[in-house]
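Novice: Can you make the complete structure from the sequences, with help from the hints?
If you're matching them up, the sequences are chains A and B in order. Going letter by letter, the first sequence gives residues 1 to 331 in the working numbering. Going letter by letter, the second sequence gives residues 1001 to 1551 in the working numbering.
For the record, the hints were derived by calculation from the structure and aren't laboratory data. Computed from a predicted structure; not experimentally measured. Even glycine gets a Cβ: it sits at the ideal position worked out from N, Cα and C. Please note that a few of the clues may not be correct.
As the list claims (entries may be wrong) - Partial list, computed: chain A residues near chain B (C-beta under 7 Å):
1. Gly81
2. Ser85
3. Ala88
4. Leu92
5. Gln93
6. Met156
7. Ile168
8. Asp222
9. Ser226
10. Ile271
Unchecked claim - BS3-like mimics (lysine-lysine), calculated; alpha carbons at most 25 Å apart, straight line:
11. A:Lys56 to B:Lys1269
12. B:Lys1426 to A:Lys56
13. B:Lys1431 to A:Lys56
14. A:Lys56 to B:Lys1136
15. A:Lys62 to B:Lys1431
16. B:Lys1457 to A:Lys56
17. A:Lys62 to B:Lys1256
18. B:Lys1256 to B:Lys1543
19. B:Lys1269 to B:Lys1398
20. B:Lys1398 to B:Lys1408
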Amino acid sequence: MFRYALRRLLLAFPLLIGITFVSFVVIHLAPGRPGEVVTGELSAESQKELWQMLEKEYGLDKPLHVQYWTWLGRLARLDFGRSFSPDARPVLQKIGERLPITLLLNIIEMLIIIAFAVPIGVLSATRQYSLFDKVTTVFVFVGFATPDFWLALLLMILFGVQLGWLPISGLRSLNWEYLSFWRQQWDFAGHLLLPIVVATFGGLAGFSRYMRQSMLEVIRQDYVQSARAKGLPERVVIGKHALRNAMLPIVTVLGLSLPGLIGGSVIVESIFAIPGMGQLMVQAVFERDYPVIMGNLVIVSTLTLGANLLADLTYSLVDPRIRVGARRGRR
Amino acid sequence: MRPAAAVPALALAVALAVAACGGEADSAVDQGVGRPGDTPAHGDTFIEALTGNISGLIPNVLTDSASFEVGSLIYSGLVTRDRDLNLVGELAESWKFSRDCLDLTLTLRRNARWHDGRPFTAADVIFTYETMINPKTPTAYREDFKAVESVVAPDPYTVHVRYRQPYAKALQSWGIWMLPRHLLEPYVREGKLREAPQNRTSPVGTGAYRFREWKPGEKVVLVANPDYFEGQPYISRVVYRIIPSQATIFLELKAKGVDAAGLTALQFKRQTEYPAFRKAYHKYEYPANAYTYLGFNLKDPRFADRRVRQAIAHAIDKQELIDGVLLGLGRDATGPYKPGTWAHNPNVKRYPHDMAKARALLAEAGWKANDDGVLVDTHGQRFAFELLTNQGNDERKKVAEIVQASLKDLGIHVDIRVIEWASFLKEYIKKRRFDAIILGWGIGLDPDQYEIWHSSKTGPDELNHISYANPEVDALLEQGRRSCRQAERKTYYDRLQAILAEDQPIVFLYFRDALPVVSSRVRGIVPAPNGIRYNFNEWYVPKHLQRYTAG
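Specialist: Laid out in C-alpha cells, this is it:
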C-alpha cells in the first residue's frame, strides 16, 4: 500500500510538469498582453512605451521556452512570483486572501450536498418508481437544467428586492464593524445563504443521481439478498451492507471534486460579488496576469492529482477487497 | 491603446459638452433647494459600485478607470476642470503663460497639506514631474511631460515650467495627481513605485478624502479629509463596493444597497420608470465621452475611393441607429468632437439618409447594380465585404446589423463577424486585416487627436489603424498641438472637422448618453457640461435624510 502510494506520487511529478508546460504555452499564445485590460474600448492615447517597458521588466520579450524555464526554476523554490497587475503583490499573498472565503463556501456547500444527496439517492433507489422517486427525478432534471445565474437573479429579486429579507450581494453589511459579535455572525450568514443555495442546487441534483444509480446496482447484488435471507432487518441491510458498497463510486466523485473546492465558482462569485478565487482567476485571465493564472493552475492541478491519489487510497479503506489485494500483492 | 474610461487624468468620470438633462434632472435641482431643513450638513455615507477591482492606489502608474475614480478623491492636481470644462486652479491658485507659450508660471496654494499633515510645496510638484519622466516609472502619461525643458521652484509656492516648444496640453497636463516627495522618493529612485505601501495600504494625497481601507475584491472606504484646502467635504464617508455583475448592481440599486450607478438605455427608459424608483433616485443624462463609428480599411482600393465612403454614409440612417440601439438616448456625430464643446464645429458637411444620392455616388465610382440588384464593378466583381466588431458589446453588434441591412438595399453584401476583444486587436486591428469595423473612440478633454489621424501613426501598435493619410490634416494636427491659445487652436480644429466630414475616413455614427442615477437624498448635484461629478465635494445629505451614521 505504501509502495503503491509512493509510486503514484512519483508519477505525479512529470504529469504536473506536463500540465504546467502546456498551460504556460497556451496562456502565452493567447492574444492580448498584461495590462491591456479587455474592455472593448480604445482611447486616443497610446501606451506603447509603457508596454515595451513592462514587457522587458516581465521578461516577455524572451523566447517562450526561456520564460517557462525561468518560471519553473522559481517555482522549484516555491516562488510563485509577483502579479503583473499594477499592485505587483506576491501571487501567494493574492491567492491567500481570496482562498478562505471560497473554501468556506465550498466546504459548506459540499457538506450540504452530501447530507442531502445520500439519503435522497438511497430513498429513491430503494423505492424505485415510487412517487418520491418520481418527484426527485423531476427535481433533478430541473436542477440540472437551471442556469446558476438565472436562479441567482430570481432569488435576489425575490428575497433581496421584493421581500427585503436578505442582502443581495457582498459578504458583510456596511455597518458590520459596529455590530455585536453575534450580530456580525448573523449578518455574515445572511450574506452567504443565497450563494450557498444557488451553488448547492445544481450539485445536489447531480450527486443524488449518482447515489441513486450506485445504490440501484448494489441492491441487486447477491450479498444483499443473502443479508436479507439471514433475516437482518431492512434498515441494516440497506444502511450497512448496501450503503457501504454503494458509497464507493461516490468517494471517487467526491475526491475529484476536491480541487473544485479552491477553484471557486466564477458565476456565483461574480453575481454575488464574493471576493473569492473564481473572481481572482477571471480577472487574472482578463488582465493576462500570467503569474497569478499559473500560480492558481499549479495549485489546482496539484490538488487534482492529490485528490485522485487520495480517492484511490480511500477506496482501499472503504473496500476491504482492495486493501486485502494490495496486502497480498506486497507479500 | 487604453480603455476609454481611462482617458486623461482630468477627464475622469466627467463628460464633455452640453448636459442636456432630462426632466428628472431639473426636478433634482428643484428639490435640492428651498425646502426647510434642507441645509447642507456633514455626515452620511455615499455608496458606489465599481465593476472592477481597483488595481492600486497611486493612479499615476495605473490605467484602469476604477482606480482613477478612487484616486481622484484621494489626490489632487494643480489644475482641474470646472462645471463648464474650463481649466481652473486646484492646488495652483493662479498661473501665467509667457507670450510665446514657452514659459508657464504657477502659483501654489499655501494652505494645502498632505493627509499626514506635511505642507504641500513646490518641491512636491518637481518630484511629481521627475517621477513622471523617470524612465523607471511605469506610467502611461509620460508623453505629456516630454515637451518640458525644465521645472524650477524659485520659492516653495511658485513653480516655473519651461517648454522646448509650445505645447497645447501644457496646462492640462498639470492636472496630474501630485505625489508626496517625503514618502515616495526612495521608491521612485529604485523604480519600485508600484511596490510602495502607498500603492497598496496607505496612500497619502492632498485630496478631499483620506484612505481608510481596501479589501481587495470587496470594497474601498474613504473618509472626509477635515484639513482639505477647500474645507471638509459634506459627505463623511465614501464606500466603493466592487460588484462585477451589472445585473447585480442594478438589483442593489433597486434595493437601495448602492447610491449611484450608470444605467443602460434599456434600464433607464423601461425598467426604472415606476414611482418607487423615481422617488428614490434622480436620473441624469448627458453625452458620454465616446463615439461609435464605422471604420474602413483605407488600404482597400474600394474604400480608398471617397465617393464610396460618402455613399455608405448616406445609406446609413443615424437616427434609426440612435432610436434602435440606444432607445433615442444619444445624438448623432458629425466629427470626432462632442457637440457643445469649444472645439466642436457644427458647420460641416452632413450626410442625410438618402439612398438615391448614395446610388449616384456609387455609380460615379464605377459600381452599378446588375439585374439581380447586386452591386458590381466594371469587371463584374461583386461589392461584398466583412464587417468586424468585438464580442461582449451588444450595442456594436446591433449597429453592425442595421448597417448590414442598409447596405443590402444598395446591393452591397456585408458579412458580420464578432470576435473576442484580445484577438480582435491582435489579429485584425494591429495587423490591419479587416475590410471595415464597428468600434468606438474614447475622447479626451483636449481636442488634440494627433495619435488617431496623423499619417505618421499607422504602425502596428499605433492608433491610426484605418491608415488615413491627408497632408492637410497632418499639418492642422501639428499646428493644433503647438499653440496655447484656444481661439487660434479652434481655427485649426474647425478646419480639421470640415475635412474629416468631407473625407469620411470613417462614418461618425453617434455619441451615446451617459445615464447615471443618484440617490434622491443627495443634494447639491448641478448637472453641467462637465456631467455631475465635478462638484462631488459640495454634495450633501440634509440631516433628516441621512441614512448611515458615519464612523
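Novice: For each hint, tell me whether it holds in the structure or not.
Specialist: Results for each hint:
{"no.": "1", "hint": "Gly81", "verdict": "violated, 13 Å"}
{"no.": "2", "hint": "Ser85", "verdict": "holds, 5 Å"}
{"no.": "3", "hint": "Ala88", "verdict": "holds, 4 Å"}
{"no.": "4", "hint": "Leu92", "verdict": "violated, 14 Å"}
{"no.": "5", "hint": "Gln93", "verdict": "violated, 10 Å"}
{"no.": "6", "hint": "Met156", "verdict": "holds, 5 Å"}
{"no.": "7", "hint": "Ile168", "verdict": "holds, 5 Å"}
{"no.": "8", "hint": "Asp222", "verdict": "violated, 54 Å"}
{"no.": "9", "hint": "Ser226", "verdict": "violated, 56 Å"}
{"no.": "10", "hint": "Ile271", "verdict": "holds, 5 Å"}
{"no.": "11", "hint": "A:Lys56 to B:Lys1269", "verdict": "violated, 48 Å"}
{"no.": "12", "hint": "B:Lys1426 to A:Lys56", "verdict": "holds, 19 Å"}
{"no.": "13", "hint": "B:Lys1431 to A:Lys56", "verdict": "holds, 22 Å"}
{"no.": "14", "hint": "A:Lys56 to B:Lys1136", "verdict": "holds, 11 Å"}
{"no.": "15", "hint": "A:Lys62 to B:Lys1431", "verdict": "holds, 22 Å"}
{"no.": "16", "hint": "B:Lys1457 to A:Lys56", "verdict": "holds, 23 Å"}
{"no.": "17", "hint": "A:Lys62 to B:Lys1256", "verdict": "violated, 51 Å"}
{"no.": "18", "hint": "B:Lys1256 to B:Lys1543", "verdict": "holds, 18 Å"}
{"no.": "19", "hint": "B:Lys1269 to B:Lys1398", "verdict": "holds, 18 Å"}
{"no.": "20", "hint": "B:Lys1398 to B:Lys1408", "verdict": "holds, 15 Å"}
Taken one by one, the earlier hints fail for this structure at numbers 1, 4, 5, 8, 9, 11, 17, listed in ascending order.
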